[in-house]
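Keeping the supplied structure of chain A fixed, place chain B upon it in accordance with the hints.
Keeping their order, the protein sequence lines are chains A and B. Just so you know, we're using my numbering here: the first sequence kicks off at 1 and counts up by one. Just so you know, we're using my numbering here: the second sequence kicks off at 1 and counts up by one.
Read the hints as simulated data drawn from the structure, not as lab findings. Hints may be right or wrong, so weigh each one.
One copy or any two copies: either way a pair holds, since identical chains are not told apart in the list.
Pairs of lysine-lysine, DSSO-like flavour, derived with a Cα cap of 30 Å [said to hold, decoys possible]:
no., residue 1, residue 2
1, Lys10, Lys115
2, Lys115, Lys8
3, Lys161, Lys115
4, Lys201, Lys219
5, Lys340, Lys10
6, Lys115, Lys198
There are 2 protein chains.
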Amino acid sequence: MKPPMTSKPKGLSGFPEWLPEQQLVFECFVRLIEDQFRLYGFTPLETRSVEPLEVLLAKGATDKELYTVSRLADGSDAKAPDLGLHFDLTVPFARYVVQNRGHLTFPFRRYQIQKSWRGERPQEGRYREFHQADADVVADGELPLCHDSEMVVLLAETLTKLPIFPVTLHVSNRNVLLGFYTALGIADPAAVLRVVDKFDKIGRERVGALLGELGLDQKQIERCLFLAEVRGRSPDVLGSIEAAVPKCELLERGLAECRQLLRDIEGVAEDAVVLNFRIARGLDYYTGIIFEGLMHGFETFGAVCSGGRYDRLAAEFGADLPGVGISIGLTRLLGLLFGKGALAASRKTPTTVLVALDSAAVYPEAFRTAQRLRARGIASEVFDAPLKYSKQIRYAEQKGIPFVWFLKGQSSGGHEVRDIRNGVQEPASPEAWEPPRADRDVTVSRTGG
Amino acid sequence: MKPPMTSKPKGLSGFPEWLPEQQLVFECFVRLIEDQFRLYGFTPLETRSVEPLEVLLAKGATDKELYTVSRLADGSDAKAPDLGLHFDLTVPFARYVVQNRGHLTFPFRRYQIQKSWRGERPQEGRYREFHQADADVVADGELPLCHDSEMVVLLAETLTKLPIFPVTLHVSNRNVLLGFYTALGIADPAAVLRVVDKFDKIGRERVGALLGELGLDQKQIERCLFLAEVRGRSPDVLGSIEAAVPKCELLERGLAECRQLLRDIEGVAEDAVVLNFRIARGLDYYTGIIFEGLMHGFETFGAVCSGGRYDRLAAEFGADLPGVGISIGLTRLLGLLFGKGALAASRKTPTTVLVALDSAAVYPEAFRTAQRLRARGIASEVFDAPLKYSKQIRYAEQKGIPFVWFLKGQSSGGHEVRDIRNGVQEPASPEAWEPPRADRDVTVSRTGG
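In isolation and in its complexed conformation, chain A is listed as follows (with noise of 0.2 Å):
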């Protein structure tokens, strides 16, 4: 055996790891999200960690700093590494989707759970290492426009069965914001969209200024402003930003999209989907409808999720499978939430039942005890030691076990449960006892926050 090592093990920045009682908490957002993906149809998917780099490179590795891998037995006088870990689980899809297009129905549903690797400097809400769940739809040719409404509906829903704050999602559309600019005569109206993306945290005023500065005269700033300010869910608001503009064809376009998507979720999270045509979103690739979702009271912090429209996603890969997708910003979440104490798990063990033990000769029968509970699903541990019970019940305290089982109990002689949290021990029967519903398995609320 080598010697300890002289430091103590210590975290990453940017690495988060979380608690058990955090963990379960992190898996109870993964299976609600998976049920409520798999319920529209969605498959699961896993890509490998790595792409090549030229991939990585030629999808916007200009703004994310990518992570490289080589092998170390490789030497570091090797060639330079060919391979990085994804900057996001979209461009690793891509490639999946046109390398197994043969083997795929279109249009194809999956989703996908996994960490992707930012080299940013970390600072709160944002990690080198974090979890995504993302879904998309893809065709193999056209994307008929209800897909776009499906997918708000199903972040919308998906949201609500999170136990988070309220989550108001944004909706805006490429082809409206640069079709108004167009309208307006503006020569560049993508550095327009990305002055407007800014607005929520420069405000106003800046926003108009550096509008000036791209050459924009005093009436087309107040129209730009006039479009980043309206906001609501009636096609009034479409009919008022129609009413700014000159005519134009780009304009159309996306307001009939939002007319649509309107009519679509009609009835449908009324309280949680907005028009606003602050959102640009600044990635490259959305070609229609964007979305951010800001949770209420962690506004400041920006999107806990985001989604939209893209036509053109595999173009490197000479194929264009045109889509529409959504992703939840799980690590980001539940780091937020977390941070702020707001999320609690009801234990920090799946475990409702501990078996406790007599003495080392009883364990056969302790053992057997926790098996038969264990066989009708009932999560159960056997205490490893004859301590005093007193000890044992702490052990159950410290992980939040809410029933401990004796095999010889006090009143009865025979096998009692007492549920710790008010001392109330009754004679039991592996075979029959049942725990309260919400004892089952570990639960996860939402604390005061």
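Structure of chain B alone, referenced to chain A:
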């Protein structure tokens, strides 16, 4: 947009990715394993993917090929990379436990289903990126032997829950092996252990010859071969081992550990556990019971799962923390079974019902119908274009979706649902219709082999 890349995207050797119907099998395995681990009170854990290189190198990286990770932005002239991807789940777990010692309750039981990476040459059953499903219990102090017994039962039981071929757990004990060799007067028992470990690969004669090369005399060789060939699940096996050599404290200890195991698991997993002292496990951190599982019909491919007791896992971090753990080679297991076409998902999607579309105008009604089915836990999709019914049904067939829902049925004029496997179509209400239980979710079954 950049021009298309010259090469079609392709797979990376050693980095497996599954097709949707295979990934559904993977997810099914993960849920079955998780549910089983949770029933035994193991709590989920996920560690970061990277560890300081010095930690990985201190832990047997001589025989594993490490992947290093560096920020591309650091440039090629920067200092040597100091992070690597973990090559198993045990090293990061040991580091996590020492790091979070003050926040954990011991004995600490955790499971971890995660990827690891090894830069070895890819071959059948050996991958560069692979999933393992581990469960371990560690103590901060002493860890009673009953945990060893429970882990064997947990592993045996978990394997019976998976739709695979039967797996036999071959159980050995490091103290029996080393004690037996010591009792024979062999100077370097560890060298014998490494030779015996190859028994199934190279055969009896070659093992005998190699032991001769180590300097063992004929009688020592015969006894070593006897130990390697004894097998069974009766205490008599242990008696015959004891009788074959002079008394030795280490051997006595190992045999006592085996006896306790046999007593603890009496009547459990009778066909699935056998003593086999040919099992030695090359990895050096085991200090008591060791075991590996061979799948019937796939014995020559080596172990699909393994485990054992370790008393000094966290020694490098200055902590002893004895533990016992199990590991299921998930990617390896699935790779073998997929390779033989021995596993099948009932369909390629979670979807149970495809709602057909008559015309674009009825999309809102079709969508609301799907929403009603989803609200009742029935996974549904809406077809996205008003094509001929035959084309819509063809899509369902290709994905294996069993039911197609019509808003205007031929006979009733109202909602009807057709089982496309037998063509039976009948009136149905989205509030009341129930699919057969077996069609509610994807099922996975073993096929021939």
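Next item on the list: Mind listing which of the numbered hints don't hold for this structure, in increasing order?
Entry: Hints that this structure does not satisfy do not exist here, as all of them hold.
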